[in-house]
Amino acid sequence: MPTNFTVVPVDDGRKSAQEDTDDNNVLKEEDEEAVGDGTPRESSPFIHNTDDYKGTLYDGKNMALFEEEMDSNPMVSSLLSKLANYTNLTQGVREHEEADEDEGAKKKTVKSPQMGTFIGVYLPCLQNILGVILFLRMTWIVGTAGILESFIIVSMCCSCTMLTAISMSAIATNGVVPAGGSYYMISRSLGPEFGGAVGLCFYLGTTFAGAMYILGTIEIFLTYIVPSAAIFKAEEKALEAEAMLNNMRVYGTCCLTLMAVVVFVGVKYVNKLALVFLACVVLSILAIYAGVIKTIFEPPVFPVCLLGNRTLQNHGFDKCMKTEIIDNVTVTTKLWSLFCEGPELNASCNEYFNLNNVTEIQGIPGLTSGVISENMWGSYGPAGMMVEKALPSVPATPSSQDQYMPYVVNDITTFFTLLVGIYFPSVTGIMAGSNRSGDLRDAQRSIPIGTILAILTTTIIYLSCVVLFGACIDGVVLRDKFGDSVKGNLVIGTLSWPSPWVIVIGSFFSCCGAGLQSLTGAPRLLQAIARDGIVPFLEVFGHGKANGEPTWALLLTALICESGILIASLDAVAPILSMFFLMCYLFVNLACALQTLLRTPNWRPRFKYYHWTLSFLGMSLCLALMFISSWYYALVAMLIAGCIYKYIEYRGAEKEWGDGIRGLSLNAARFALIRLEEAPPHTKNWRPQLLVLLNLDSELSVKHPRLLSFTTQLKAGKGLTIVGSVLEGTYLTRETEAKRAEQNIKSTMAAEKTKGFCHVVVSSNLRDGISHLVQSAGLGGMKHNSVLMAWPGNWRQSNDPQSWKSFIETVRETTAAHQALLVAKNVDSFPHQERLSEGTIDVWWIVHDGGLLMLLPFLLRQHKVWRKCKMRIFTVAQLDDNSIQMKKDLQMFLYHLRLNAEVEVVEMHDSDISAFTYEKTLVMEQRSQMLKQMQLSRTEREREAQLIHDRNTASHAVLNDKADATPERVHMTWTKEKFFTERNRNREPNANVAVRDLFNMKPEWESLNQSNVRCMHTAVKLNEVVVNKSQGAHLVLLNMPGPPRNRGGDENYMEFLEVMMEGLNRVLLVRGGGREVITIYS
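First residue of the sequence shown? That's 1 in the numbering used here, and the numbers climb one at a time after it.
Any given hint could be a false lead.
EDC-like, lysine to aspartate or glutamate: derived pairs with alpha carbons at most 20 Å apart [claimed, not checked]: (1) Lys746 x Glu699; (2) Lys334 x Glu360; (3) Lys888 x Glu907; (4) Lys703 x Glu737; (5) Lys755 x Glu834; (6) Lys233 x Asp411; (7) Lys805 x Glu1058; (8) Lys746 x Glu813; (9) Lys487 x Glu240; (10) Lys864 x Glu742; (11) Lys389 x Asp402; (12) Lys389 x Asp411; (13) Lys703 x Glu728; (14) Lys334 x Glu351; (15) Lys805 x Asp1050; (16) Lys487 x Glu236; (17) Lys753 x Glu737; (18) Lys389 x Glu344; (19) Lys783 x Asp768; (20) Lys864 x Glu838; (21) Lys334 x Glu235; (22) Lys1029 x Asp1050; (23) Lys783 x Glu813; (24) Lys753 x Glu742; (25) Lys646 x Glu539; (26) Lys755 x Glu649; (27) Lys746 x Asp768; (28) Lys746 x Glu649; (29) Lys739 x Glu699; (30) Lys739 x Glu728.
If you're looking for bench data, these hints aren't it; they were derived computationally from the structure.
Build out the structure end to end from the sequences listed, making use of the hints.
Here's what the structure looks like:
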């Protein structure tokens, strides 16, 4: 329903800003429009930013409430004025002419485009659609396929272009289409990948079309205008075809060079001659219709000579008879000499020549002759098959000499699908109107009307030509491709009035003009693709002369065009460009169908006579015609488009054009997410979906980029990865920093080849920010199930206890959320991209965590960095355990899990707690109490922490290594070596005494918290055996014990973990999420 607007004037007591502005204000060209993606800047949601109007947008008190937002949200009045004055230059010759005249020093005022539907769309489309195939091959197609099948061929091809035009009209009227035509429409509707692939296909199609038009020009020149200009001449009839191809190559190359020079030097003249070329096309078609009407009253005289039922080439003789009587004497004719060994009447002659008589028929019997019934059906055949008429003849023994006789024969093998491929280029050119959208007064109205009317007109012309050619011209002449039977005349020219030369000259200039326009348009299309920056290796072709002329693109176009000319056969080149154009039309239909089905809010075409079923039908017809024309060319064209698509996707085209493929991806993602949320994943489908918590430095750069490397190695590009970080503050004050941090993280992710999503949260404190990420990261079924973070290595030296308290709270929250937790110690020493030499990944399986400990090494070993590493699994046997049976059971378990790993059971039976453990616990509790009771200054706290650290290092120097277990009863095996180690430890009181003396405290061991003593005992003993067994491992995976329920012991918990990992290089602490993640079942 229509929407009515009422404009209410507001009197603010002073002259409005709009009145102060010049009535003749027009938009100026923007320097940036020629770079980047080649499209106008869209900093505003509408057309352009309103920078030119700043300072004049607001002047008054009535809108003071909105004053502060005027820069970003202009007043409606100024916006409407801006929209009304919108204009756009065509991406072609006009800007270059202006640049030449203005020398690029000033910006020119853009005049409003004035072209209407007829001049701007209808005539250019008509000129591009009608062309070389109509003049050179239409009669041959009708004669070979017959009227009925030709009608089908024309109907299929024209239906394809009509359906494509309907889809194109919908896209072209869905908003302003800047100059760029079909490439712009497809790329902005289907995205950079499809846009680049189809744009290059359209470019190749246009380039090969140039080759086809040049070959047509040379064929007309050498066959019908100046046959004597041929450089290569065949002495034998069998070599004529090869000689003709060589002539085409030489003359075609010269013609291409000349045209390329013309395009390079003066493109403006090509455009000015366009009207002349169009006039040639129109006059030629009018001459055909005039000739058809004339055949009703007075058919033109073009006799065709037949020997029996075989058509003869009417070159080497002037009379269609074997002998003639001159002065009552029978003498032989020139025709006799062609078939006999001499002019004598008793000379030996060709057998078929002797058995059959010569007859002469009219090549153009006329519209009322009834020849239409003879031409109704097709006459396909192999190369070399003679063109015969349905007349009685005496057969002769087939002879190899027949190929040297002057018969009209098929130059190529003919079949229905070949004719479809050769004919289809005659219906291309429907994009001519959309390519000129910048010159149109009202593009959204002119493009649909002009294009569809042009297709209707040409369809009527083609269908009527099929019927009229079949009704006026004899079948043997129709099948005579080069007019040999009518003295070398252009077959369609024999029908025209007043002279065959009207068609010959008209078609010659028409093909010249079409070739020039192809060489003008194709480089600009390539330049537009190159300037969009989506195909990196083409960027050099985005440059050109100072005025913007695409010099390098023209050079490449000429080289590709030359490859088509070297093929030298019009019939071989036509199916090639048919493939590329059909590919382009297929994606135009796909774009329209996709936008319609997705119901994108921005999809509001002014052209209403479209439907997704029509677009789908057009797409299907394009695909069918591709394989009908030539299945192998179709596969090659699709392969080329596919390779370009994957290349652009691989290089990562960072373009957001609001395309339909993005919309399709969103719909597919929404559907998949809804399906995922119906039920949690089965154990067989479980994989770590990671939330990676990163720390940023003061410059907002990533502190531990190796954490992302490890993520990549663990994920191998599979599953979900969310990279999160927290900034302290408020979003309003740190919005810019948050965006910069996000960009830095994305850059680091790209450098580390981590595929995933980035999320930076601004929170009042670190603790809450991490909590928000753990709770809310992800969407629906695509939520993380594991959290990966770095171990806070400097927690002892930190001035702020919140750093390690935040870490412990994260452990608690992941446990409460039933999420797995991975903590990497010394993450900066983890491998980057370099492959590790043979070594081991050691798993210390102390408590069952759902199998995550065994799954992680398997996933790591899928990556090339860890592929050579072997997996070893250690488990701990206690007093009542049978170590031998445990090992057998574990090996069997691993066998059922299909995991290859070495198994070792470590016995830890002794429960004696060493003096070292007591001392370690004592120091830990003393430090904790001191930090709670005393308000230490920063320097004192650092010194005290350093003393504690030094003492731990000195007292622990004798230790070989350590381990990890959390039983209430810890049993150790006592050996002679361990006895001496313990005794030596007890004899090292220096550090302990230093601390006691420092604080003047001498608590007895009995006063220590026994729970802390047992936990420390576990950490020390477990660390000892782990270091002993796994110090040389590339990676050690340990069960991570949970934090204490009493928050008062949080600092002690950090100390236990530190002791447990001491002396190990790369450690990954693993805490399961409370569910089974690995199964023995298939």
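Against the structure, the hints:
no., hint, result
1, Lys746 x Glu699, "holds (15 Å)"
2, Lys334 x Glu360, "holds (16 Å)"
3, Lys888 x Glu907, "holds (15 Å)"
4, Lys703 x Glu737, "holds (16 Å)"
5, Lys755 x Glu834, "holds (19 Å)"
6, Lys233 x Asp411, "holds (17 Å)"
7, Lys805 x Glu1058, "holds (15 Å)"
8, Lys746 x Glu813, "violated (26 Å)"
9, Lys487 x Glu240, "holds (17 Å)"
10, Lys864 x Glu742, "violated (29 Å)"
11, Lys389 x Asp402, "holds (17 Å)"
12, Lys389 x Asp411, "holds (17 Å)"
13, Lys703 x Glu728, "holds (16 Å)"
14, Lys334 x Glu351, "holds (18 Å)"
15, Lys805 x Asp1050, "holds (7 Å)"
16, Lys487 x Glu236, "holds (19 Å)"
17, Lys753 x Glu737, "violated (24 Å)"
18, Lys389 x Glu344, "violated (30 Å)"
19, Lys783 x Asp768, "holds (19 Å)"
20, Lys864 x Glu838, "holds (12 Å)"
21, Lys334 x Glu235, "holds (18 Å)"
22, Lys1029 x Asp1050, "violated (29 Å)"
23, Lys783 x Glu813, "holds (15 Å)"
24, Lys753 x Glu742, "holds (16 Å)"
25, Lys646 x Glu539, "holds (18 Å)"
26, Lys755 x Glu649, "holds (14 Å)"
27, Lys746 x Asp768, "violated (23 Å)"
28, Lys746 x Glu649, "holds (18 Å)"
29, Lys739 x Glu699, "holds (13 Å)"
30, Lys739 x Glu728, "holds (14 Å)"
Checked against the numbered hints listed earlier, the structure breaks hints 8, 10, 17, 18, 22 and 27; every other hint is satisfied.
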